[in-house]
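A.B. asks: In case you want the letters, here they are:
Protein chains: 4
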Amino acid sequence: MKDVQNSADERGIAIQQVGVKEVHLPFRIRTKRGDYQQVFANIRFTVSLPQEFKGTHMSRFLEILMPWSEKPMAEAEMEVMLQEALEHLNAESARLHMDFTYFIGKEAPVSKRYSVLDLDCFFEGSMRKGEPMEFTLGVEVPFTSLCPCSKEISSYGAHNQRSVCRVRLRYRQGYECIYIEDLAELVERQASCPLYPLLKREDERYVTEHAYEHPKFVEDILRDTVLALRHLEGLAWFSLECENFESIHHHNAYASHEESID
Amino acid sequence: MKDVQNSADERGIAIQQVGVKEVHLPFRIRTKRGDYQQVFANIRFTVSLPQEFKGTHMSRFLEILMPWSEKPMAEAEMEVMLQEALEHLNAESARLHMDFTYFIGKEAPVSKRYSVLDLDCFFEGSMRKGEPMEFTLGVEVPFTSLCPCSKEISSYGAHNQRSVCRVRLRYRQGYECIYIEDLAELVERQASCPLYPLLKREDERYVTEHAYEHPKFVEDILRDTVLALRHLEGLAWFSLECENFESIHHHNAYASHEESID
Amino acid sequence: MKDVQNSADERGIAIQQVGVKEVHLPFRIRTKRGDYQQVFANIRFTVSLPQEFKGTHMSRFLEILMPWSEKPMAEAEMEVMLQEALEHLNAESARLHMDFTYFIGKEAPVSKRYSVLDLDCFFEGSMRKGEPMEFTLGVEVPFTSLCPCSKEISSYGAHNQRSVCRVRLRYRQGYECIYIEDLAELVERQASCPLYPLLKREDERYVTEHAYEHPKFVEDILRDTVLALRHLEGLAWFSLECENFESIHHHNAYASHEESID
Amino acid sequence: MKDVQNSADERGIAIQQVGVKEVHLPFRIRTKRGDYQQVFANIRFTVSLPQEFKGTHMSRFLEILMPWSEKPMAEAEMEVMLQEALEHLNAESARLHMDFTYFIGKEAPVSKRYSVLDLDCFFEGSMRKGEPMEFTLGVEVPFTSLCPCSKEISSYGAHNQRSVCRVRLRYRQGYECIYIEDLAELVERQASCPLYPLLKREDERYVTEHAYEHPKFVEDILRDTVLALRHLEGLAWFSLECENFESIHHHNAYASHEESID
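Chains as they are written, first to last, in our numbering: chain A, 1 to 262; chain B, 1 to 262; chain C, 1 to 262; chain D, 1 to 262.
Any given hint could turn out to be false.
What the hints assert, rightly or not - Heads up, simulated DSS-like pairs for lysine-lysine below, C-alpha to C-alpha not over 30 angstroms straight-line: (1) C:Lys129 to C:Lys71; (2) A:Lys54 to A:Lys112; (3) A:Lys200 to C:Lys71; (4) A:Lys106 to C:Lys71; (5) A:Lys112 to C:Lys71; (6) C:Lys2 to A:Lys200; (7) B:Lys2 to D:Lys112; (8) C:Lys54 to C:Lys2; (9) A:Lys106 to A:Lys2; (10) A:Lys2 to A:Lys71; (11) C:Lys129 to A:Lys54; (12) B:Lys129 to D:Lys200.
Hint data in this document are derived by calculation from the structure and do not stem from the laboratory.
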């Protein structure tokens, strides 16, 4: 049968990214404790396409992904998958993006009751032929924020709400990326209060008072997270988005920031 | 050309609903003030299909919808559209569901500054040949809820959050349906505090203290809304869903209830 | 500390459902092969609340859910969870709804290459005190549909598209529920062609020609699935929704149907 | 009352963007014909915050937005809104992003029946103090794609599906931005076939055969759109994403590309 994709193309346009999107697959992610957590990934996997070829071979992305779905997955494994993509698809560059939900253990602050909290995360690896992979970690950390202005101007109470901080970061070559568990904790320390799926009455009292004692604007949480991230050794770049699902409005308060570190 | 849809079917199955979904069109909705508000509707429009016919004629739904897109739309107009569907599609029953966002004016509680708040709403009409239309109104009202338990057990503060109440209701034949504006106000009165898009500092103080003075569980808001709805004259049926986007959890508190009224 | 939820309520309204929603947890689902598949569940868990009590105890839902997250989960286990809810929350009725994505193995039609396909599914159990659990299975099966009218009236080609059939079903007491794997296969047999994540060129030819040889309206797929479901022994009730993401429109073709079986 | 936001901040971090998100408001957009189309906008509106200040004044974003909601909106008006933001919020830079759905008229190819098609669009303006606004237009155009490989290797038929091309573009200062209507037409010309909400049988035959006569990979549509965009006079930058909702897979084919033009 004719290989239409392989036929010559004369438009003179090298395509930067072509591949598959919304591929759903289970993967096993290495945890901080050293074991594995099964996750459900939503994948975008692309390569560059030279101007000479009419099309890429979409089935090869699936052929690369399928066997890895059964094996442990971390930075090193992503590097191998990208190598395979460069070779099997005869490409100059490749990119693999995996969105997944990751669970971390939480102990309630007073009762010490155990529960697990879901975090939306992503791994992204991109690689040019003959160069090392560039790895980006993305983690969304939910928490409570309590408004300093509302507390200051009111005789009692203060509006508070669920918020989220979306962190994305990249390390310099040779440095180990922070664990999701540690990044979540780093962000939670900047919030008015962390979230816990399971809270008994004594815990609810604790989180209510703790948030009231730690009022923070969306700007405060962003700035304190910037300061905390600057202390991570080997960090090359990060971006932050903080968003408060305001309890007093139908819209959100929002702040974002991005830094490259020399 | 052959009319495949019109050909005979021998499987003996009359289909309850067949038609189009995710049709996007602008419509003009009559407001309480007597003028019109342009909305952007997401439409599902279906009819029943007798067992004798292989298929319905999908293009006719669009033919009915298109001219109405320019005209004012309320219960009476929906009734005409359903009549047209029964006739043009030769059907025993027809149903038209329109999701849209509707804006209501809000005055900030102290500064009286004006702003507009968006509510997710739907109109649904269903009709059997020779019978009057059954009309259902759906409105989602967002507001602030403040937790009575958190307030009671804490030395200061109380967790609060954005919440929503989804009301759906139907009237008996011969009764006028409540205006969206009035239904929103009815629900907001049961909340810890209504939402306002635009709040100055004096307003923020007001809503913070007002919510603290009116602590309500998701159960309280549901029950108080049930009591308020029971007072609407001519109401035949309603259902309620209340949901709190908990500021101290990553999950929501939820309550639902449904009543037919004799 | 005061138990506010436990205090008396005098509004006289028994709430039909109250509990938690959007709880995310991993679970292990028993597969047809007899082993387990880890899934990521989105959970709604509710109980009824008698009119005497002001509120339910939200933390208890999490206390019931957490330990089960590590254990295999099927109908029998859901029954135990609902029993625990009835007891620990002192309720007359309880309901547990779990949405999750489930993977089934697929062999490409010609090359026999293996890949896995994701299906959106749900388990729902509801129980009244002293009565057996009522279990509902929901499965969304995606497939290809090819339009018989387009094929008939055109000199060549026929529009086709991705479609989905959402099946929900309940069995009579004493009958075993069908496996997700078998229900998916039952629906796929009614489609113009099943979907496969991984297709080589010889497979692509097969699915193209197979779909062209099996043109089906959304009405046809619905009716043929109705006929197939009526043959399942012990089935008490089912509902179907078929939806074609039309390649020639920006809206969808849709059909739905529901039957109780004596 | 104390102005907490205005108090001094000593962390030394100037925030790049802070403001409001998910603000929903109606706006009136100028059409190609010269009249106005009412749209429903989802807005993100941010400014930079100097390191000296603890917080921005969130209510001012709403104060700027509210009056504009009643007036016609195009590039010139966005420029004024950004000016107001720079002044009222005392900022160095400001950005306004508005997502909205825009309707364009479509005439069926044979029957000439009229209908309207919805396009997801955005306007984004960003401005630094004392500099002209940089305006970005975004438009998502849906269409039909038909696979050249499937057509080539199969005895009859060819898989086809709904697809979308997301175009974003910026002009050099002094050049007029292309109308949404014209950009949609430019993209549709590169597709296997445009979409029409309302098609009679003679039209369905036309679009079926037209798509079959114009097979295109996702790569082809991307490349042909690149070539067409390069001909727009005054264009400074564009990015493209093409995505096919494959009728034979549960995942999508995807290509993206970005170019700055000297």
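A.B. asks: Looking back at the numbered hints, which does the structure fail to meet, lowest number first?
C.D. replies: Numbers 2, 9, 10 and 11, in rising order.
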